[in-house]
Amino acid sequence: MSPAENNPGRGDAPRPVLSVRGLTIQVATPNGAKTVLEDISFDLNQGETLCLAGESGSGKSMTALAIMGLLPQPMARITAGSISLADGTELSSRTEAEFRKIRARRISMIFQEPMTSLNPVMTIGSQLAEVLLEHDMCSAAEAPAKALALLKDVRITDAEKRLRQYPHELSGGMRQRVMIAIALACDPQILIADEPTTALDVTVQAEVLELIRALQREHGTTVLMITHDMGVVAEMADRVLVMRSGKQEEAAPVKELFATPRTDYARALLAAVPRLGDSPARPDPDRRHDILDVEGLSVRFPMRSGLLNRVTANVHAVENVSFKIAPGETLALVGESGCGKSTIGKALLGLVPSDGSIRVDGDQVVGVGQAALKQVRRNIQMVFQDPGASLDSRMTVGAQVAEPLQVHGIATGSELRDRVEWLFRRVGLTPDQMDRYPHEFSGGQRQRICIARALALRPKVIVADESVSALDVSVQAQVLELLRELQEEEKLAYLFISHDMAVIDQVADRVAVMNLGQMLETGSREQVLRNPAHPYTRRLLSAVPIPDPTRKRPPVLPRAGEVGTPVFKKGQGPEPFALNEIAPGHWVAAHPDTEQAA
Amino acid sequence: MWSYLIRRLIEAALILLGISLVTFVLLYLVPADPARQIAGRSATAETVANIRAQLGLDQPFHIQYVRYLGNLLQGDLGRSYLQRTEVSELIAARMPATLLLMLAAIVVELIVGLTIGAVAALRRNTPVDHGLMVFSFVTISAPQFVVGILLLYVFAVQLGWFPIGGYGTFAHLVLPAVTIGLLGTGWYSRMMRSSMIDVLAQDFVRTARAKGLGRMRIILRHVGPNAILPIIAMIGIDIGLFMSGIVVVESVFGWPGIGQLAWQAIQRVDIPIIMGVTLVSAFFIVLGNLLADLIAPMVDPRIKLK
Chain A
1 MSPAENNPGR
11 GDAPRPVLSV
21 RGLTIQVATP
31 NGAKTVLEDI
41 SFDLNQGETL
51 CLAGESGSGK
61 SMTALAIMGL
71 LPQPMARITA
81 GSISLADGTE
91 LSSRTEAEFR
101 KIRARRISMI
111 FQEPMTSLNP
121 VMTIGSQLAE
131 VLLEHDMCSA
141 AEAPAKALAL
151 LKDVRITDAE
161 KRLRQYPHEL
171 SGGMRQRVMI
181 AIALACDPQI
191 LIADEPTTAL
201 DVTVQAEVLE
211 LIRALQREHG
221 TTVLMITHDM
231 GVVAEMADRV
241 LVMRSGKQEE
251 AAPVKELFAT
261 PRTDYARALL
271 AAVPRLGDSP
281 ARPDPDRRHD
291 ILDVEGLSVR
301 FPMRSGLLNR
311 VTANVHAVEN
321 VSFKIAPGET
331 LALVGESGCG
341 KSTIGKALLG
351 LVPSDGSIRV
361 DGDQVVGVGQ
371 AALKQVRRNI
381 QMVFQDPGAS
391 LDSRMTVGAQ
401 VAEPLQVHGI
411 ATGSELRDRV
421 EWLFRRVGLT
431 PDQMDRYPHE
441 FSGGQRQRIC
451 IARALALRPK
461 VIVADESVSA
471 LDVSVQAQVL
481 ELLRELQEEE
491 KLAYLFISHD
501 MAVIDQVADR
511 VAVMNLGQML
521 ETGSREQVLR
531 NPAHPYTRRL
541 LSAVPIPDPT
551 RKRPPVLPRA
561 GEVGTPVFKK
571 GQGPEPFALN
581 EIAPGHWVAA
591 HPDTEQAA
Chain B
1 MWSYLIRRLI
11 EAALILLGIS
21 LVTFVLLYLV
31 PADPARQIAG
41 RSATAETVAN
51 IRAQLGLDQP
61 FHIQYVRYLG
71 NLLQGDLGRS
81 YLQRTEVSEL
91 IAARMPATLL
101 LMLAAIVVEL
111 IVGLTIGAVA
121 ALRRNTPVDH
131 GLMVFSFVTI
141 SAPQFVVGIL
151 LLYVFAVQLG
161 WFPIGGYGTF
171 AHLVLPAVTI
181 GLLGTGWYSR
191 MMRSSMIDVL
201 AQDFVRTARA
211 KGLGRMRIIL
221 RHVGPNAILP
231 IIAMIGIDIG
241 LFMSGIVVVE
251 SVFGWPGIGQ
261 LAWQAIQRVD
271 IPIIMGVTLV
281 SAFFIVLGNL
291 LADLIAPMVD
301 PRIKLK
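Residue numbers (full-length UniProt numbering), protein chains in the order written: chain A, 1 to 598; chain B, 1 to 306.
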């Protein structure tokens, strides 16, 4: 122990457990070495939470990997600077073998994807025992009991059963809890959490963040948290380091940063964060007729089993859902993963078989042939979540925007080229970019290309399935603005599918909340988001992080009853319930705890 | 599980039925005349016609096939035209030799192939990797009779380490097993290499490193078992590859298995033997694939048999 640590008169003076000085990292590329992290310096003080915040490419994950010695080898290397622990141990020049004594024992890390961060063919118990035995925390005989205690520590239900289960049998939230249990198994001083809740539903995110805070209090762990989400920053951080393209922009205590950001970038970043509650005014849509009319829509996916491989059960992905959208109107579909919101989007374009009735500008989608579907699809188009995956990487972007026009025989030759040029300008790109390939564009630009492709046929309805979820907030704001402009000019109707309540508050006229394939509540934006009546809606809203460190979010509301399943035996189905109109246009599913709106 | 097994066995029976039909059609269309083969070149047309009638070869195709199928269902593969013995006895006598060769070849393939693939993946894009991949490419492309004759020349004729041919001791087994195994080695090493590279990039391998585990433990406990999953299905397919190889290899090495039996039968248009060997081979291929599908869920808990 250094003399400073024994000094009792030190009081509350911050005591760094980790110091990073002038950290610079280069990555080898075909065009020579590229500096991806430049001169990063910070101290991580005992017991605090420091957030590295920034957009993609800012170098925040690179910093964390460098501390753990997990930089991709041999492509990336530290070219300057130091990373040192409180006792003077230098990390930047350690070998892999030397790092093994640091990892898990002194610094642990949890990752963004709990789905893929656990070994799929090993039980939870053996993955926990492994880290205990590696670092001689207990004998092999004691390991199961110790593993069980760790699982109980992270508040997993049925901990005994989980020990024997495999990762795929656990939900995302539970898997992240297992990851936290593994990370804390050897009681490390420092926990690095790299986007630990980004892949999780908002209610699960709230629970996991609460867990990290509680464990931090109990164990005195210091947390280095990496996130792009300013709501999570406001909720978790003591201090924040804002990063941008590998450089550090601003370091400040969290309240100071949110109240008086000093750099332009931090100001712009905070301004771009969508906030639940500051909903911009929306023009009145033309409600004289509906362009999209969905009545009693159900989508079921059969599950086969038995000797003759017959359908014995169905996944009721969407169950008896009805809604209408007028020209120029946006209906937002919101719900947690697996609630059926994306399936509705696919059903509207006839991409999955469905029952009920879907009319797009009067034309039926359900049960019609391919030729009729082709005609319907001129009026309804889709923009997907991942613009990288929804563009063909071997086709020029111009050709991809032109394709729908060719398929429908609308334009050829120079007329086709003129149309595509016009579409490129329309979405804020230049026509000279037409001959390039998708990899030459940024995420935001790719999504603009996808929007141009969707607009090519001049559709009347656009289904936007998590279309801005994969984008950085600043880019997200621009794409949302583009969508708004297009809607105003073309009187487009949007079905906006999203899990992000704050984004929905920006774009929606009306909101529909879904769970387990059924619609639980629907009404105007003000009715559903400001005056939620169904307990499920209220729980969802209570979990949304508030990007303001001065406003404490109350703990997330408890789950109302058991988690259901959308799988039913053949001939059975979920109990149908009535939607009651509690205020003009505000419909809520009957539920014992439903609050009557005033 | 049981209903899955029963369904798969019914499927297997249908596959074998299909194969028997296709093979029967092909043999029916072959221009060579078995009766002429049996009677010999100098026999009169009358003798040949007698033999043809005796064997039922003068009947229309569908009658011949239905009769064959009827016997088959009673476990009767018919009698060899030339050897005057039950085909089932001929095959049963030669099956142990072939099964021994198959087992030895699979062991060679798995040990050598998986090791080469794993080493190449761990030393990716180094001279070691390039060298091993050139080797595997050569083993895939080289015809088996060339490999067999080369091995014979070097290790049996020149060095005298192994006998030139025949059956009986372990030394007899080595060269034919290596000849067949080399082809599979090439396939397995390529599969294993790409599978390992995929798994090495997985998030859970990063987690294992973050736990402070050693390199050997990460490779053996985390990378290996996951990398091997896609290989299991390959073993089922591999039996098909093996069956096509034994005809040549058994003849080169004078190995008294069903491959050699088939080779002799093809030369003499001994249709019952050709049919019998084809069906037995098909049976092993179907069985191999079924076993691979049954083993998969034991190794990968995410797979459920339905």
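Please note that the accuracy of each hint is not assured.
Stated by the list, open to error - Here are some chain B residues the structure puts well away from chain A; computed CB gaps all over 10 Å: (1) 133; (2) 190; (3) 204.
Said to hold, decoys possible - Once the Cα atoms are required to be at most 30 Å apart in a straight line, the calculated DSS-like pairs of lysine-lysine come out as: (4) A:324 <-> A:552; (5) A:247 <-> A:34; (6) A:161 <-> B:304; (7) A:324 <-> B:304; (8) A:552 <-> B:304; (9) A:552 <-> A:255; (10) A:552 <-> A:152; (11) A:460 <-> A:491; (12) A:552 <-> A:491; (13) A:346 <-> B:304.
Since the hints were derived computationally from the structure, they do not count as laboratory data. Bear in mind that the values here come from a model prediction, so they are computed numbers and not experimental data. Don't be surprised by glycine CBs; every beta carbon is placed ideally from N, CA and C.
Structure-based check of each hint:
Consistency note on residue 133 (chain B): stated as away from chain A, and its beta-carbon is indeed over 10 Å from all of that chain's, at 20 Å minimum. Every beta carbon of chain A lies more than 10 Å from that of residue 190 (chain B), the smallest distance being close to 23 Å; the non-interface claim holds. The beta carbon of residue 204 (chain B) sits about 4 Å from the closest Cβ of chain A, which is not more than 10 Å, so the claim that it is off the interface is violated. Between residue 324 (chain A) and residue 552 (chain A) the alpha-carbon distance is near 37 Å, which puts this suggested pair outside the 30 Å criterion.
As the CA atoms of residue 247 (chain A) and residue 34 (chain A) are separated by approximately 13 Å, the hinted pair is consistent with the 30 Å bound. A distance of roughly 19 Å separates the Cα atoms of residue 161 (chain A) and residue 304 (chain B); the hinted pair therefore holds under the 30 Å criterion. With a C-alpha separation of about 41 Å, the suggested pairing of residue 324 (chain A) with residue 304 (chain B) is violated against the 30 Å cut-off. Of the pairs offered as hints, the one joining residue 552 (chain A) and residue 304 (chain B) is violated, with about 46 Å between alpha carbons and a cut-off of 30 Å exceeded.
The hinted pair formed by residue 552 (chain A) and residue 255 (chain A) meets the criterion: a straight-line CA distance of about 12 Å does not exceed 30 Å. This hinted pair checks out: residue 552 (chain A) and residue 152 (chain A) have alpha carbons roughly 27 Å apart, not beyond 30 Å. About 7 Å separates the Cα atoms of residue 460 (chain A) and residue 491 (chain A), which keeps this hinted pair within 30 Å; it holds. Under the criterion of a C-alpha separation no larger than 30 Å, the hint pairing residue 552 (chain A) with residue 491 (chain A) is inconsistent with the structure, at around 40 Å.
For the given pair, residue 346 (chain A) sits about 28 Å from residue 304 (chain B) by alpha-carbon distance, which is consistent with the 30 Å threshold.
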